[in-house]
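Asks: Residues per chain, in single letters:
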Amino acid sequence: MELKFFWAQVRDLTVASLKSRYRKTFAGFIWVVLNPLLMFGVQSLVFKTFMRIQVPDYNLFLLGGLLPWIFFSSTIQMTTPLFVTQSHLLRSFKINPMVIFGSQVLDNFINFVASFLLIVLPFYLTTGRDFSTLLLLPLALIPLLIGTLSIGVALSTINVFFRDTNFVMGFIFNLLFYVTPVFYPKEYIPTNWQWIVDFNPAVYLLNPFRSLIYFGDGTFWMATLKGFVVSLVLFLTAVIIWKRKRNAFYHKL
Amino acid sequence: MPSTTNSELLLSVKNLKVHFELEHYQHHGLRDVFVSAITHPVEFFLKKPELLNVIDDVSFDVTRGMRLGLLGVNGSGKTTLCRCLAGMMVAQSGSITTDAEVRAIFDTGTGILPELTGRENAFLLARLFFPEIKDLRPLVNEALEFSELGHFLDVPFRQYSKGMQARLMLSLISAKSTDVLILDEVLDGADYFFQQKLSVRMRNFIKSAGATIFVSHSADQVREVCDQVLVMNKGKIGFMGGVEEGLDYYHKNLAPVS
Numbered sequence: 001m002e003l004k005f006f007w008a009q010v011r012d013l014t015v016a017s018l019k020s021r022y023r024k025t026f027a028g029f030i031w032v033v034l035n036p037l038l039m040f041g042v043q044s045l046v047f048k049t050f051m052r053i054q055v056p057d058y059n060l061f062l063l064g065g066l067l068p069w070i071f072f073s074s075t076i077q078m079t080t081p082l083f084v085t086q087s088h089l090l091r092s093f094k095i096n097p098m099v100i101f102g103s104q105v106l107d108n109f110i111n112f113v114a115s116f117l118l119i120v121l122p123f124y125l126t127t128g129r130d131f132s133t134l135l136l137l138p139l140a141l142i143p144l145l146i147g148t149l150s151i152g153v154a155l156s157t158i159n160v161f162f163r164d165t166n167f168v169m170g171f172i173f174n175l176l177f178y179v180t181p182v183f184y185p186k187e188y189i190p191t192n193w194q195w196i197v198d199f200n201p202a203v204y205l206l207n208p209f210r211s212l213i214y215f216g217d218g219t220f221w222m223a224t225l226k227g228f229v230v231s232l233v234l235f236l237t238a239v240i241i242w243k244r245k246r247n248a249f250y251h252k253l
Numbered sequence: 001m002p003s004t005t006n007s008e009l010l011l012s013v014k015n016l017k018v019h020f021e022l023e024h025y026q027h028h029g030l031r032d033v034f035v036s037a038i039t040h041p042v043e044f045f046l047k048k049p050e051l052l053n054v055i056d057d058v059s060f061d062v063t064r065g066m067r068l069g070l071l072g073v074n075g076s077g078k079t080t081l082c083r084c085l086a087g088m089m090v091a092q093s094g095s096i097t098t099d100a101e102v103r104a105i106f107d108t109g110t111g112i113l114p115e116l117t118g119r120e121n122a123f124l125l126a127r128l129f130f131p132e133i134k135d136l137r138p139l140v141n142e143a144l145e146f147s148e149l150g151h152f153l154d155v156p157f158r159q160y161s162k163g164m165q166a167r168l169m170l171s172l173i174s175a176k177s178t179d180v181l182i183l184d185e186v187l188d189g190a191d192y193f194f195q196q197k198l199s200v201r202m203r204n205f206i207k208s209a210g211a212t213i214f215v216s217h218s219a220d221q222v223r224e225v226c227d228q229v230l231v232m233n234k235g236k237i238g239f240m241g242g243v244e245e246g247l248d249y250y251h252k253n254l255a256p257v258s
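Residue numbers (the working numbering), protein chains in the order written: chain A, 1 to 253; chain B, 1 to 258.
Worth double-checking, as some hints may not be accurate.
What the hints assert, rightly or not - Pair ranges (Cβ atoms, derived): (1) P185/A <-> L46/B: 40 to 48 angstroms; (2) R52/A <-> A37/B: 52 to 60 angstroms; (3) K162/B <-> T85/A: 36 to 44 angstroms.
Unchecked claim - List time: in silico EDC-like cross-link candidates among lysine to aspartate or glutamate, alpha-carbon distance up to 20 angstroms: (4) K4/A <-> D135/B; (5) K252/A <-> D135/B; (6) K94/A <-> D99/B.
To be verified - What the simulated footprint calls covered on chain B by chain A, stretch by stretch (three residues with Cβ under 8 angstroms from a Cβ of chain A suffice, anywhere in the stretch; the number is not a length): (7) 38–46; (8) 237–248.
Just so you know, the hints here were simulated from the structure itself, not pulled from any lab data.
Idealized CB from N, CA, C, for every residue including glycine.
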């Protein structure tokens with residue numbers, strides 16, 4: 001029952017914020033698809049055409065990593081300042097802070113789905129892959145959603161106390177992009193550097209998606225299992241941080 | 001229907017304690033933390049944070065029909081106490097026992113999405129206030145009509161004056177009664193409280209609530225609304241009892257000299 005109420009609140013808030021954003025201008029929505037499309041286009045040009053990375057169906061390979069990466073990094077950068085920017089609302093009456101959070105993640109997820117349908121699907125179908133494999137897509141996205149939400153909640157809570165968190169994270173995400181196998185396969189990394197990937201939580205959240213739409217083989221199940229484990233650890237960490245800080249949170253806002 | 005038996009317990013607070021860690025106030029940003037961890041590592045990792053006791057062993061009961069005024073100077077723990085009662089904050093020790101629906105309002109200037117119209121914000125606020133109601137239209141429409149904001153309802157909320165914001169918000173919250181109502185300074189120093197129509201509605205709303213906890217700095221409002229007073233003093237209960245004695249205690253011991 002509680003969950004039903006929660007969902008109704010998240011849904012209404014998301015619909016309203018979409019309305020608020022796109023009322024004045026339709027450009028916003030075009031940008032939602034244009035932004036990943038341009039990022040994809042430039043990276044494909046640079047890495048495939050200029051640097052000649054040798055990966056079959058490189059465009060689909062790249063999209064398999066880039067799209068979830070954009071969701072992951074942009075959601076976290078949008079949610080990190082959320083508790084601070086919405087502090088007035090949170091202090092005014094009892095509202096589950098997770099509603100605001102859920103709504104922002106859902107908002108970004110809608111963007112993700114839009115760019116999946118408009119950008120990935122055409123590539124997927126033209127490379128002659130099996131359509132029915134895509135039925136497993138929800139399973140591949142659960143770890144990504146839970147993991148992203150958890151990191152976002154944790155960072156947003158920390159940002160209440162240390163207001164430069166978002167600034168620092170912007171910097172860290174810039175670095176993280178290069179050490180996360182998004183535009184190159186992780187096999188390119190020498191064995192003595194593999195630990196960089198092993199200790200990078202983002203890798204585990206992104207992998208199931210690429211594994212499904214690009215490799216489309218048995219690696220999917222292992223990648224998804226690892227994704228679930230990592231997202232569960234992130235989730236529990238976020239719960240601990242939230243529980244420890246939620247009082248001081250109101251005090252400090 | 002106001003009950004005549006004053007003994008029914010709606011909410012019970014036992015030995016409530018809330019403290020904050022003061023460590024957060026020493027750093028302004030993650031970069032400061034990073035620097036102090038490097039320059040003073042021993043201190044940084046071993047020093048225990050100082051604690052600030054905001055609520056210090058508070059116990060009281062709220063029974064049906066009670067109109068409890070909550071007084072105290074700024075920083076005495078009134079709002080923290082209200083936030084605990086509303087379930088927004090969680091105490092480190094002690095307990096709050098209640099089966100009642102508790103609704104708490106701390107501010108009336110809240111538009112969720114200021115770019116949207118007052119009407120759209122009202123529906124959104126109603127969804128957050130009353131998650132259990134499936135079809136919000138009858139309730140919101142009644143509240144909007146009552147607010148008499150007329151064509152302003154279709155103007156973006158950010159263009160509202162403070163008074164209009166409060167009118168919208170108060171019309172909305174008072175559209176459905178609740179078991180325990182907490183109003184934290186929301187009617188303070190506002191002329192709309194004395195605006196006849198809204199004031200009658202707010203009074204009826206307070207009357208229709210099972211119990212009310214009313215935080216205010218205005219002695220007149222406390223006299224009018226409350227039949228009991230609890231005075232907070234540095235996180236503890238300084239006084240609990242009749243309104244006049246409570247106001248007396250507050251003015252003699254705590255109120256800032258003006």
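Asks: All the hints need checking, so say for each whether the structure fits it.
Replies: Okay, the hints, checked on the actual structure:
no.: 1; hint: P185/A <-> L46/B: 40 to 48 angstroms; result: 46 angstroms, holds
no.: 2; hint: R52/A <-> A37/B: 52 to 60 angstroms; result: 44 angstroms, violated
no.: 3; hint: K162/B <-> T85/A: 36 to 44 angstroms; result: 21 angstroms, violated
no.: 4; hint: K4/A <-> D135/B; result: 14 angstroms, holds
no.: 5; hint: K252/A <-> D135/B; result: 36 angstroms, violated
no.: 6; hint: K94/A <-> D99/B; result: 17 angstroms, holds
no.: 7; hint: 38–46; result: violated (count 0)
no.: 8; hint: 237–248; result: violated (count 0)
Checked against the numbered hints listed earlier, the structure breaks hints 2, 3, 5, 7, 8; every other hint is satisfied.
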